[in-house]
Each structure stands twice: as C-alpha cells, then as structure tokens.
Amino acid sequence: GAVVSQHPSRVICKSGTSVKIECRSLDFQATTMFWYRQFPKQSLMLMATSNEGSKATYEQGVEKDKFLINHASLTLSTLTVTSAHPEDSSFYICSASTDGNGYTFGSGTRLTVV
Amino acid sequence: KNEVEQSPQNLTAQEGEFITINCSYSVGISALHWLQQHPGGGIVSLFMLSSGKKKHGRLIATINIQEKHSSLHITASHPRDSAVYICAVNQFYFGTGTSLTVIP
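As they're listed, the protein sequences go chains A and B. Mapped onto the numbering used here, the consecutive letters of the first sequence carry residue numbers 540 to 653. Mapped onto the numbering used here, the consecutive letters of the second sequence carry residue numbers 12 to 115.
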C-alpha cells in the first residue's frame, strides 16, 4: 500500500533556530499534501494544504512566515518551523493524497523547543 | 460546539467484545475518515467514506448522510486494537478521539 515517510520522528532544537520536517510519498505521486499539528491530549488541527508546484494554502491563525511549506515535487513536501519558540513544541503530522480518494499519513514528528 | 463529536471518549473492553464508536458531525461532507493513532503518535487511515458501509478485516465503518452520523465497529476485539480512534470530516474537522483499551 501507499507509504508516506516523515522525517525526523523526533527533534529537539534551541529556541530561535529553525527546524525542517520532511514528508515523502515513497510509492506514489502526491498531488496534495496536508500538514497538521497536534497538541497534547487534543486532536489534529489542519495547518495548511499544499499542492505540488504552487503556494500552500494556510488555515486561519497559522502564520505562513513562521511555518514555511514547500511542495517542490510530487513526492516531497517540507515544513520549516522558523525561529522556533517553546510554544511551537508539538506533534506535527503530514498526509498525502494522489487523487483525493485516499489519504496516507506520515508517522509524525515530535518537536521540542528548549 | 465542535463540528465533529465522538462518543465515547474512553472505552475499555474485554478481548473478544464487539465495539462501537460513534461520530456525529454538523458540517457538509464530501468524505468522512476514520483514523487510528497509536501511543507513539503515528496515524493510520482506516476508512474513507462518503456513503454506505465499508469493511476491512474485523473493522466495519458505516455512514448515514441524512442523519450526519458514522459508526466504527470492531468485531472480536484484540489488545492490539488499543489505540485512539479519530473521526475526521473533509480532512479538516477532527473529533477529539476515542481512547480504546482492550484488556486480555
């Protein structure tokens, strides 16, 4: 079946630095990728939707300059958390779809900003 | 009020029991998803539904568009089914999840 590889699974960074999270579709071409954030004991929150070759569409309240999303190819999307602060610590998850008929989730990245 | 409501929030079952998790939503729908999240955080998409019923192994998902309601059933539950089950509408609205624990 379809596999989405998300990397890294865990990252600890210092406040003020930037962190890049990668989401790769391994055996299919993902025309659309979604990025989510999950706070402890809460459900997922959609941050943005990205289509290959175009700018990401951000949900209300999500800072596009802070959470940079790039979807440069049909198999790779990246989320960069810029100038990270402790409040950015969270679980970030991507999902990918090729035709809107099925979605495959990555395994998630736990970001801790110290 | 949440656009997606799940019940119950927590569920403990004995191995072998039949389990039902419910999801009600208040928004227009193109597709409803049932997701499984294990303690490590990774998420697996179990079903995507827009009508009717789907079955995969011991899992069955149904949806009633008129009543805006979906159910996830697990037959012959097993401890490895222990996880959080999340209902999602249109990849945007998420329930807060049902934490299932199956006891051997």
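Please note that the accuracy of each hint is not assured.
Calculated Cβ distances over 10 Å to all of chain A for the following chain B residues [as the list claims (entries may be wrong)]: (1) Gln25; (2) Glu26; (3) Gly39; (4) Leu46; (5) Ile54; (6) Arg69; (7) Gln77; (8) Ala99; (9) Gln102; (10) Thr107.
The list that follows gives simulated cross-link-like pairs (lysine-lysine, BS3-like), each with its CA atoms no further than 30 Å apart [stated by the list, open to error]: (11) B:Lys64 to B:Lys79; (12) A:Lys603 to A:Lys553; (13) B:Lys66 to A:Lys594; (14) B:Lys79 to A:Lys580; (15) A:Lys580 to B:Lys65; (16) B:Lys79 to B:Lys65; (17) A:Lys594 to A:Lys605; (18) A:Lys553 to A:Lys605; (19) B:Lys79 to B:Lys66.
If you're looking for bench data, these hints aren't it; they were derived computationally from the structure. From the three backbone atoms N, C-alpha and C, an ideal C-beta is built for every residue, glycine too.
Hint check:
No beta-carbon of chain A is positioned within 10 Å of the beta-carbon of B:Gln25; the least distance is around 26 Å. The non-interface label for B:Glu26 is consistent with chain A: the shortest C-beta to C-beta separation is roughly 26 Å, beyond 10 Å. With a least beta-carbon separation of about 16 Å from chain A, B:Gly39 lies farther than 10 Å from that chain, consistent with its non-interface assignment. Residue-level check failed: B:Leu46 sits 7 Å from the nearest beta carbon of chain A, not beyond 10 Å.
Non-interface status of B:Ile54 relative to chain A is broken: a Cβ of that chain comes within 10 Å, the nearest being about 4 Å off. Against chain A, the non-interface label of B:Arg69 holds: every CB pair exceeds 10 Å, the least being about 18 Å. Every C-beta of chain A lies more than 10 Å from that of B:Gln77, the closest at about 23 Å, which supports listing it as non-interface. Chain A draws B:Ala99 into its interface by the beta-carbon criterion, the shortest separation being 7 Å against a cut-off of 10 Å.
With a least CB separation of 6 Å from chain A, B:Gln102 falls inside the 10 Å interface cut-off, contrary to its annotation. Not every CB of chain A lies more than 10 Å from the CB of B:Thr107, the least distance being 5 Å, so the non-interface label is violated. Note on B:Lys64 and B:Lys79: the hinted pairing holds, with a Cα-Cα distance of about 14 Å set against a maximum of 30 Å. Pair hint A:Lys603 plus A:Lys553 holds up; C-alpha atoms about 21 Å apart against a cutoff of 30 Å.
Proposed proximity of B:Lys66 and A:Lys594 is contradicted: the alpha carbons are some 37 Å apart, above 30 Å. With a CA separation close to 25 Å, the supplied pair B:Lys79 and A:Lys580 stays within the 30 Å bound. Between A:Lys580 and B:Lys65 the alpha-carbon distance is near 29 Å, which keeps this suggested pair within the 30 Å criterion. Between B:Lys79 and B:Lys65 the CA atoms are separated by roughly 17 Å; this keeps the pair inside 30 Å, and the hint holds.
With a C-alpha separation of about 15 Å, the suggested pairing of A:Lys594 with A:Lys605 holds against the 30 Å cut-off. Annotation: proposed proximity of A:Lys553 to A:Lys605 holds, straight-line Cα distance about 16 Å (limit 30 Å). A threshold of 30 Å between alpha carbons decides the hint, and for B:Lys79 with B:Lys66 the separation of about 19 Å falls inside it, so the pair holds.
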